[in-house]
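*Asks:* Given chain A, work out where chain B should sit, using these hints.
Top to bottom, those sequences are chains A and B.
All residue numbers for the first sequence refer to this note's numbering, where the first residue is 1 and numbers rise by one.
All residue numbers for the second sequence refer to this note's numbering, where the first residue is 1001 and numbers rise by one.
Treat the hints with care, since some could be wrong.
[Claimed, not checked] A few chain B residues facing chain A, derived, Cβ under 7 Å:
hint, residue
1, 1093
2, 1124
3, 1125
4, 1129
5, 1149
6, 1152
7, 1156
8, 1178
9, 1182
10, 1200
11, 1313
12, 1318
[What the hints assert, rightly or not] No more than 16 Å apart at the CA atoms, straight line, and that leaves these computed lysine to aspartate or glutamate pairs for EDC-like:
hint, chain 1, residue 1, chain 2, residue 2
13, A, 251, B, 1290
14, A, 108, B, 1228
15, A, 225, A, 318
16, B, 1164, A, 318
17, A, 108, B, 1297
18, B, 1164, A, 51
19, B, 1024, B, 1297
20, B, 1131, A, 50
21, A, 108, B, 1312
The set of hints was computed from the structure by calculation and includes no laboratory data.
Just so you know, even glycine gets a beta-carbon here, dropped at the ideal spot from N, CA and C.
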Amino acid sequence: MREITYAEAIREALRQEMQRDERVFLIGEDIGVYGGAFGVTLGLLEEFGEERVIDTPISELTIAGALTGASMTGMRPVGEIMFMDFITLASEQLVNQAAKIRYMFGGKAKLPFVLRTPAGSGTGAAAQHSQSLENWFVHIPGIKVVMPSTPYDAKGLLISAIRDDNPVLFVEHKLLYKVKGNVPEEPYTIPLSTSEVKRVGGDLTIVATSIMVQRSLQAAEILSKEGIEVEIVDPRTLKPLDKTPIIESVKKTGRVLIVHEAYKTGGYGGEIAAIIAESEAFDFLDAPIVRLAGRDVPIPYNRTLEYHAVPQVENIVEQARNLVKGRI
Amino acid sequence: MSLSREKQIEILRKMYLIRAFEEKAEQLYAMGKIHGTMHLSIGEEASAVGSVAALEPEDYILSTHRGHGHSIAKGADVRKMMAEFLGKETGYCRGRGGSMHIADVESGNLGANGVVAGGIPISIGVGISIKRQRLQRVVLTFFGDGAVAEGAFHEAMNMASIWKLPVVFVCENNQYAMSLPVKKAFATGQIADKAAPYGVPGIRVDGNDVMAVYKAVKEAVDRARRGEGPTLIENVTYRWRGHSKSDANRYRTREEIEKWKKKCPIKRYRKYLIDAGVLTEEEAERIEKEAYAAIEEAVVFAENSPEPSVDELEEGVYAP
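With the rest of the complex left out, here is chain A (with noise of 0.2 Å):
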């Protein structure tokens, strides 16, 4: 099978979306002639034309109130933010709008659009453009919230979002956008809310979003030549989450640490501990769950500081060393 990069199997998703169905179109900042920030949306304009593919000016708020009533009243669009950061700029769309009105209505709308933003650190673009906001819209019900960690996810649950009828977060990763994989020419749909085993171990679960499902899977490499076998768990959706493997892989392995870039305080790990804690696998636990996720610090710019603030893939290995030599 042929490689893409991530960035590109997100554009593979939307070009042949796009190409399929006549209400899906793009709307949000510098998409045109620009690509987008980190250039997913490149091409796109020349291929569909300024009708389809929509520059707006700096108005995220409103980016996001485009998306409710043009889905409201029919079409299927896809906003991008260009940094997660300035998802606080729509979140009132977002929150009292778009995840409200299905419900607030007895049920007689449908609002089927995807909003991508990328999140996440590591580029030194500091506090204000490296956040990993998620879980604020995990804790909104009406909204969905994707993640995906791999280049074939992002096609596949990217297809999916789009022919969902409810708003989708599609949360993307910067540092994930050159990373290469398999991904089939031809489009495919991932179901959304399936979480998947991305490696099978008996020793340790790890449940990992984003891009430190990449790490972690690095970590298990590492951690396997010291006769280490580590399970990783990825949500992919993390709202409507599917629970069971998760709930099973802690079953088997009786250890769990639980992975996000996102800052630990109020951030997913919580959920997904307490999802656990409150499961049948609650009996099979023979340590401690145990969170490893981003510092509760603005992200800050210095490369060393930067580095620190979030999970890495040595902290990883040793917190996972750690949990199974009994040492938590």
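*Replies:* Just chain B now, with coordinates in the frame of chain A:
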């Protein structure tokens, strides 16, 4: 722009229906039958009815927290509205929305809104949708004077203008954003003046004159339908009642309220129709009585309707 007799009667009938609905709503609240609060538009009926009268049935509206009048003007069934008001399963939103969220997407009523300026950005998406589908429709978005201070208003005015979207912005300037008077909220002039910087026509209208409202909005609707872009209409009116049920009217005088009550938009239009020979006094009387009777019937319907089932509490958050 002369209207048929039928349409003129329909305008008067809808204004009475709004007044009757809201007076009844207030009574039901006083009787303890309403859960929560409500925002009454009594005194502002000409703005709602005159604006929506300029639309075709397939056009869209977006409304506000003070939205009962907009829904009735758009042709809502007052029985389903009253049922929603009482939180019943037969209401427009199956009792999930209440007074502040009445919507009927099928008929182009894209919903009242609990957030000031909340509907304005949505109108941009509706405008894009209309254009993309090559429909001959327009979207009319209502908001109050308070909403003009929100960034949402400015973002949306700008976008509607650059893309010449078929959006009609209707500001119902009822003089107060809750307690803040317009003159304390905006340093310069009139709300209609805020259109010019965006390259949009801004029209200030006597919002208690239903025909003046109709004419201004009709011109804006025609312009939007021709693909010439948005217009901002400022309907200058006054809310007789408090902002909501918590309002003790500390920010205005009794005299001021009484002065505006003398400018009742319904009495004014009724007199106009009688003077013009469109209606007799008896016919006008009958239209008024029928409106109040329809509301009584709506209350009976609502009170006899079932409560939503607790078993279905979590239904409808996500589309299947």
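*Asks:* Run every hint past the structure and note whether it holds.
*Replies:* Hint check:
Checking residue 1093(B) against chain A: minimum C-beta separation of about 4 Å stays under 7 Å; hint holds. The criterion of a C-beta within 7 Å of any C-beta in chain A is met by residue 1124(B), whose closest approach is roughly 5 Å, and the hint holds. For residue 1125(B), the interface hint holds, the least distance from its beta-carbon to any beta-carbon of chain A being 2 Å, beneath 7 Å. Hint on residue 1129(B) holds. Least Cβ distance to chain A is approximately 4 Å, under the 7 Å limit.
Hint status for residue 1149(B) relative to chain A: violated, with the closest Cβ pair at about 14 Å, above 7 Å. The beta carbon of residue 1152(B) is positioned within 7 Å of a beta carbon in chain A (closest approach about 6 Å), and the interface hint is therefore held. A cut of 7 Å between beta carbons decides the hint on residue 1156(B): the least distance to chain A is about 5 Å, and the hint holds. Checking residue 1178(B) against chain A: minimum C-beta separation of about 18 Å lies over 7 Å; hint violated.
Using the Cβ-Cβ criterion of 7 Å, the hint placing residue 1182(B) at the interface with chain A is not satisfied: the shortest such distance is roughly 23 Å. Interface restraint check for residue 1200(B): the shortest CB-CB distance to chain A comes to about 15 Å, outside 7 Å, so the restraint is violated. Hint status for residue 1313(B): violated, given a least beta-carbon distance of 10 Å to chain A, over 7 Å. The interface hint given for residue 1318(B) is met, as the beta carbon of that residue sits about 5 Å from the closest beta carbon of chain A, less than 7 Å.
With a CA separation close to 69 Å, the supplied pair residue 251(A) and residue 1290(B) exceeds the 16 Å bound. Distance check on the hinted pair: residue 108(A) and residue 1228(B) sit about 32 Å apart at the alpha-carbon level, beyond 16 Å; violated. For the suggested pair residue 225(A) and residue 318(A), the alpha carbons sit about 14 Å apart, so the restraint of at most 16 Å is met. Note on residue 1164(B) and residue 318(A): the hinted pairing is violated, with a Cα-Cα distance of about 59 Å set against a maximum of 16 Å.
At most 16 Å may separate the alpha-carbon atoms for a hinted pair to count; residue 108(A) and residue 1297(B) exceed this at roughly 25 Å. For the hint pairing residue 1164(B) with residue 51(A), the CA-to-CA distance comes to about 13 Å; that is within 16 Å, so the pair holds. In summary, the hint linking residue 1024(B) to residue 1297(B) is supported, as the alpha carbons are separated by about 11 Å, within the 16 Å threshold. Taken as a hint, the residue 1131(B) and residue 50(A) pair is honoured in the structure, with Cα atoms around 13 Å apart against an allowance of 16 Å.
Restraint check for residue 108(A) and residue 1312(B): satisfied, since their Cα atoms lie roughly 15 Å apart, inside the 16 Å limit.
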